[in-house]
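Asker: Letter by letter, the sequence shown follows residues 197 to 771 of this note's numbering.
Check the hints yourself; a few may be wrong.
Unchecked claim - Derived DEER-like restraints, expressed as beta-carbon distance ranges:
1. Asp519 <-> Trp402: 38 to 44 Å
2. Gly400 <-> Glu358: 22 to 28 Å
3. Pro331 <-> Asp393: 28 to 34 Å
4. Glu357 <-> Ala747: 35 to 41 Å
5. Ala521 <-> Ala272: 47 to 53 Å
6. Arg398 <-> Gly620: 28 to 34 Å
7. Arg681 <-> Gly585: 50 to 56 Å
Simulated from the structure, these hints should not be mistaken for laboratory data. Glycine included, C-beta positions come from ideal geometry on N, C-alpha and C.
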Amino acid sequence: MASDGRTRPAGHSPFPGLRSFQDSPWRAFCGREAEAHALSRLWRSKRVTILHGEAGAGKTSLVRAGVVHLLRGHHADVLPVGDLTERSAFAAAPLLEHNPLTLALAACWAPLEAPARLSGMTLADVLRQRAPSRPGSVTYAAVDHAEELFSAPAQPRRYREEFIGQIAAALRERAGLHLLVIIRDSRLGAFLADSRDHEQLRPGAWFRLPGLSPAAAAEAVRRPAQLAGAPAAPGTAEMIVDAVLASPADYSAGRLDDPEAVRVYPPYLQCVTSRWWAARRGHGQQPPDDRPAGEGQVTDADSWLSDLIVRAVYAVSRYYELDPARLCRWLARVAGGAAGGRVTVTDRLGLVASVQVMVLRAFEDHYVLRAGQRAGRPWTQLQSQRMSGPLRLAGHRITGLAAAARPATFADRLADAVRAFARGDYDLADRHAWRALRVSAEAGRGAEARAQTLLGNIAYQRGHPQRARDHYVTAAKLFEATTSRRAVGHLLAAIGRLHLTEDDTAAAAVSLQSAVSRLPFDGSVKVDLARAFAASGAQRAAVAVLEGVLADNEPEAGRALSLRSAILADLGEAR
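Work out the full structure, taking the sequences as your base and the hints as a guide.
Answerer: Written as structure tokens, this is what we have:
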């Protein structure tokens with residue numbers, strides 16, 4: 197799918213590497229025009245559409261940079277794409293009884309709402325508040341990375357069941373809601389099994405996204421380079437495609453649905469293409485000149501693909517606290533045991549069985565392995581036998597390529613901590629959060645405040661409310677120095693709510709009053725302030741706060757009305 201045709205400034209890469217394409221006007225998303233139009237038609241015509249494919253097939257890019265662009269061209273009401281992997285480090289205590297899956301999706305669909313308020317809403321509530329359903333109106337909503345529903349073994353199953361039930365309820369209530377579920381092949385069966393009791397989630401259409409055809413892959417190289425003002429030499433795009441084509445072993449092993457259809461795996465294409473583009477620029481020091489790229493600039497494909505594996509090894513070893521050289525040897529044994537096919541994973545492979553299953557899935561996230569289950573036992577294989585050579589090369593180079601994997605940044609550490617927290621592994625999350633805190637100076641006070649906030653969430657979940665409050669106070673002071681009033685307000689609200697749970701109503705009122713001064717339009721904080729006033733004996737003050745919420749017709753009016761009725765009843769003034 198092409199962009200709006202505008203060229204990008206010379207010197208900026210039109211290739212995102214391993215990141216997905218986003219719906220930005222300067223990006224040139226090419227080679228998927230037919231798929232984008234076909235999926236757009238299905239999404240418009242069916243209540244529930246399932247988009248599935250392998251990790252890295254380009255599902256997210258197709259939707260965000262292709263299909264959403266087409267729907268908006270029809271002036272359709274398209275919600276922001278909901279992503280279950282997007283978890284923020286907001287002050288969650290004492291809101292941790294909420295469903296984290298529901299909150300992650302609600303925060304995407306309503307990005308301007310305070311998490312504290314969203315935590316008390318169902319998905320139907322979010323849609324209802326965003327816009328009332330009108331006869332004939334249609335709203336398009338997408339749930340990306342639905343495989344995350346099954347990636348957190350420490351997370352209670354009830355979260356997943358409740359989330360799926362809320363999706364079904366939203367479809368039932370809102371006749372004009374059209375849902376697109378984006379999920380990996382390896383988790384499709386699990387999703388269908390969990391949703392079979394909900395008639396509303398019965399798919400009206402299926403769309404499987406395969407790899408790119410060689411012609412489409414060549415166009416995905418050729419056209420972005422042309423739009424960026426530095427066209428490739430004739431034949432260069434085809435040369436790059438040949439360098440990343442799936443191995444014949446993939447077809448002989450029944451690797452593809454259609455053995456006759458030779459396909460290009462998008463992450464490998466983007467890896468080689470982005471490195472080829474950087475080589476044209478002199479390793480990023482100069483903008484590309486007008487001279488076309490020659491054949492010699494594509495000969496390092498094996499080295500570039502081995503760097504992809506090395507980076508994956510370092511990222512996975514960092515998250516699971518493993519030695520990267522040992523992990524690379526383990527990966528080589530696993531992939532070598534597959535011998536072009538699939539290997540059943542056992543605890544004889546050198547890692548504890550419960551850990552190695554998660555490690556296998558992590559390598560699937562990094563586009564190195566494919567993983568699944570057969571008869572209840574995990575199996576794996578290389579994503580493509582094309583990577584056999586790069587994997588051997590990575591094994592030889594792993595100890596000397598620490599520079600290629602760049603030192604872990606604060607963002608890396610915090611992302612690891614947030615991911616572990618979302619998956620319910622609080623011990624691992626705590627260790628990663630402290631590591632993030634130790635390198636937060638490189639990113640500034642706001643970064644340190646985010647790490648402190650997450651440490652507060654972890655402490656609360658582990659049963660240490662006082663420690664959680666200390667972290668929140670530290671985070672609030674750091675955010676105060678950055679003049680981030682909203683962040684300070686949310687932290688003060690969390691501190692006040694913690695005081696309420698411990699019946700320290702005076703301290704709660706002080707914190708919540710400070711929070712209201714920074715969040716004057718957040719009705720949820722005002723209702724909690726009224727609770728603190730009422731609990732401390734200041735019922736008249738509580739009623740006055742609630743009257744203000746009702747007068748402003750805020751979304752929290754229902755809670756305010758209920759609490760006001762209870763307080764007036766206690767005063768003998770029931771209405």
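Asker: Evaluate each hint against the coordinates.
Answerer: Cross-check of the supplied hints:
| no. | hint | verdict |
| --- | --- | --- |
| 1 | Asp519 <-> Trp402: 38 to 44 Å | 42 Å, holds |
| 2 | Gly400 <-> Glu358: 22 to 28 Å | 24 Å, holds |
| 3 | Pro331 <-> Asp393: 28 to 34 Å | 29 Å, holds |
| 4 | Glu357 <-> Ala747: 35 to 41 Å | 39 Å, holds |
| 5 | Ala521 <-> Ala272: 47 to 53 Å | 51 Å, holds |
| 6 | Arg398 <-> Gly620: 28 to 34 Å | 30 Å, holds |
| 7 | Arg681 <-> Gly585: 50 to 56 Å | 55 Å, holds |
When each numbered hint is compared with the structure, no violation occurs for any of them.
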